[in-house]
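Let's have the full structure, built from the sequences with the hints guiding it.
Number of protein chains: 2
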Amino acid sequence: MFPFVAPVRDLRFVLEELLEHRSLALPGFEEASPDLVEAVLEEAARLAGEVWGPLNASGDQQGCTRRSDGGVTLPDGFIEAYQAYAEGGWNGIGVSEALGGQGLPEVVASSVQEMLHGANMALGLCPMLTAGAIEALAHHGSDALKASYLPKLVEGSWTGTMNLTEPQAGSDLSKVRTRAVPCPDEEGDHFRLFGQKIFITWGEHDAAENIVHLVLARKPDAPEGNKGISLFLVPKFLVNADGSLGERNDVTCASIEHKLGIHGSPTCTLSFGDGDGAIGYLVGEEGRGLNHMFTMMNEARHKVGIQGIGVAERACQHAFAYALDRVQGKVRGREATISEHLDVRRMLLSMRARTDALRALALYCAAQLDVARHGGDGEREVAQARADVLIPVVKAFSTDQAVDIASMGVQVHGGMGFIEETGAAQLLRDARIAPIYEGTNGIQALDLAGRKLQRDGGAALAGLIEEVEATASELREDGELAALGESLAAGAADLEAAMQRVLEQGSDSELGPDAIQAYATPFLSLAGHVLCAWQMGRAALKARAAQAAGSNEPFYQAKLAAADFALRQWLPVGRANRSVIEAGMACLADYEVTLP
Amino acid sequence: MFPFVAPVRDLRFVLEELLEHRSLALPGFEEASPDLVEAVLEEAARLAGEVWGPLNASGDQQGCTRRSDGGVTLPDGFIEAYQAYAEGGWNGIGVSEALGGQGLPEVVASSVQEMLHGANMALGLCPMLTAGAIEALAHHGSDALKASYLPKLVEGSWTGTMNLTEPQAGSDLSKVRTRAVPCPDEEGDHFRLFGQKIFITWGEHDAAENIVHLVLARKPDAPEGNKGISLFLVPKFLVNADGSLGERNDVTCASIEHKLGIHGSPTCTLSFGDGDGAIGYLVGEEGRGLNHMFTMMNEARHKVGIQGIGVAERACQHAFAYALDRVQGKVRGREATISEHLDVRRMLLSMRARTDALRALALYCAAQLDVARHGGDGEREVAQARADVLIPVVKAFSTDQAVDIASMGVQVHGGMGFIEETGAAQLLRDARIAPIYEGTNGIQALDLAGRKLQRDGGAALAGLIEEVEATASELREDGELAALGESLAAGAADLEAAMQRVLEQGSDSELGPDAIQAYATPFLSLAGHVLCAWQMGRAALKARAAQAAGSNEPFYQAKLAAADFALRQWLPVGRANRSVIEAGMACLADYEVTLP
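Respectively, the protein sequence lines represent chains A and B. Start counting the first sequence at 1216; every next residue gets the next number (this note's numbering). Start counting the second sequence at 1216; every next residue gets the next number (this note's numbering).
Cross-link-like lysine to aspartate or glutamate pairs, in silico, DMTMM-like; alpha carbons within 20 Å at most:
(1) A/K1545 x B/E1725
(2) B/K1545 x A/D1729
(3) A/K1545 x B/D1387
Not close to chain B: a few residues of chain A, all C-beta gaps over 12 Å, as computed:
(4) L1241
(5) D1400
(6) E1401
(7) H1589
I should point out that these hints are in silico values taken from the structure, not numbers from a laboratory. C-beta: ideal position from N, C-alpha, C; glycine also.
Listed below in structure tokens is the structure:
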């Protein structure tokens, strides 16, 4: 596998030029100067490139093994690499200072996450889950729970997990059956949990002193359905009053999964209460477990989108390196590397343009999250509404595209791409999980086209479309970029029209009241294409400005080529979703799903 | 893994209704009645479903191993499954009676191949390669070589391989270095080969008594480049004058590859001449090895397309079975299997519509091959020209779509799709090779947009477009199907316009004389979408006719839904390639491929 080089130049372009470091001007980020951000990116790039990246292929080959004592052995080097991360203070960079973190803006934290996932997605999952646990605890935990658990989670010496799925409860969590039995008063105010959870990422390992499981379960007297579900904290080791670790709790790793990819990430079946019951503590309100989980899931979904971009970046680099090295055939009469063949160049530019575009959109979304948390009155709400609309797009579109980009990366390698030792295939295998977990991409599409669009009648998305139109106008005014502006304006018009059509779907009689579900995925794809193209239109304007100001850095010329590709080669394919939506999905109405 | 059921009903629909069994009316197929064809399909379905299919998952898990004696151990059951195939006479069904085969039409042979690949793609590769060897020998071998080798290859007791690739010679075979040294006159008229070949499918195994390697190599005095390359036959065991097997030849399996998929198919590095040289016999003319290879490659490409369709069919069945079984969430207030959720139904119908469409196009192409070989004067040439245009489309489009269909199949499974034991992931891993081998899909696109289109100025494709237009008109005349007709007519117009644009590309100055290469892949994608939609338009007309004639078989209703989806949901996405082509690829001109 080619070594991974964190894309610092492009991350800086997005933070400094596209986002104009606006997050740094928000209250609370006074100490985060552009110089500091640059230093953080450089340092993270070193960790990603030198420590995490080299373990990616070996981690895949070795995978994780469950020992006879119920423990899980990670691939060689993973414990040290995780500890280098924790000791470097990376786990807390996006966590507020009040909770013991560095309190850097989300745009910076997201940039660091992308580098780490690009270097080693399987390892990157560990802190990603911990971040979710921190979020849930910080928002909903009692002061006592926060005092006992948060500092260790923030510093990364303990890690966190999310225990949602059970065999009968996947996308539909209302079916959760794990029981949480209140303990007799004399024992204390905790619960004893009994049940089995599956697909628990980093559910068991030796990289941290303790593991803090956040578990959805229901009390014996709880009502059926969503409203009976509460959230519990179940530590692997109980924590004594003085903060030291006590007894092993009654939660064990029953097995680990044999998966298509992310072999270095242990995916566990956890068994709660094989003995007296796993001791757990209620987090937040009884019966509001799902709501509490969803608080944090929005941001977890953004992180999965970022993860897709990390893998896409690595797939780009891998394909570029191979194409620049592999001599085959002739171009203009002389021997050439395959990077000179136009069909291969087309694939490479497609991979690069899409990865850049996804990154710009995901960081734009992160910037909205910064404003939503730190901005002034009025702007906070607007930013949150935009982030709410963007998050399902970032999650689903980035991860779908990442699979396609990784698959194209395999194709660039020709026959070598199919050989595991080359490394391109691993990226495809790893990428394939991201459209599935943290809410399948179908669920993201329903979230966008259903909940997010319906609740404000499309107002937040309409605001974004106006921005797209403004960028299209700017492009049209620039002689060289006018064709990009035409294309982007057409895309904005398509998205606007499709949005109206989707908003009207409640009344589609053929498909019944859930008609909107049939249109959700094509709609999300259209939104993703248009919003990504928008970001690349903005990137083209910035690149032209830099050149006009005298820069002859090849980066800007490459960015203009990528923008041209994104707006004129990639966007048209996405725009076709308008026709798809307008044709209507009546064919689904009486289609009978049967086996031959 | 769910059991595989060969899609006999749909194959019969294509052969009987879409193709109206026209191949059976050709001279040479007098004995192939519709009843016989039906019996053949049923019998092949049994072999596929009962013998080959159950070994698909175990073959993947076990894979192949190279023994210390240089032999290769196949997964359990593969030898018996191959022998059941050979003993059943399946290897010769498409081979002419003159060569010892059954001489059935290509449409029937292709149907059988699809079932077998759907059942077990890794095992299906063995006879696929043998078919190539038969073809090469039958066309170019001397009478003596044919007499010694063809009967055994046709009956399947010996298998064949294609030895093209060397580390420095992949897509560019002019770089082949394997040497073929003529033996002194007293030894005979054979050669001794020295060199190494990689990626040799089924290069070594114990399923057959002998393996017949067809090898590209060059004589010591041969010119550089393509014209110095000749084709040689190198048997694993030498063959005595009486037909019995003699000494082991000097060709050995140096290693086998560790691949993303098709683990049950041994992909070997073969070493020729580690000792005195591997004895080989010239096939055809000296210096025309590449031409001889390409004779057969056209049909091998069709077979790879068929293979993609087989895997796509299995992915459909797998996803359908899971979706019909998995209860999750509610539809209209009651618990439902996920097959009832509209977003999942959309995925299922998309998979089904595309698989049906690809099958219909591939068999239409096979029917053209039948006419090209057996038709009357005049019609043979037209049919061959159509097949020449269709083959790169069938190969590339079917295999690209198969990857996407298998990936969508994983998605339908949710988290279970990522778990290897479920079986959906294997189909994606297996499918991923098909866009790469037998000429990458980029090479197929160049073959279509470059060679095939340029040599007749697009005449053959224009003939097909006229047929598409005729179907569009028929659809428009049917009140219920008018919208499908509109969509298809628009697709035909796009393909016509894009073809003109591609034909003009010779003069595109920005990209130089190879400009056409930049447009080849989007053009092939457009052609694939339009031609597949055409077949589904024809299928809709046939389904309506069957219903009008009183049939209430659910098959026809499902076919109408699939046709609606193909023409109104899938075709628009493909049509976007016209915009892509018309936007021009100037962005590739000065894009500098660099690493970060």
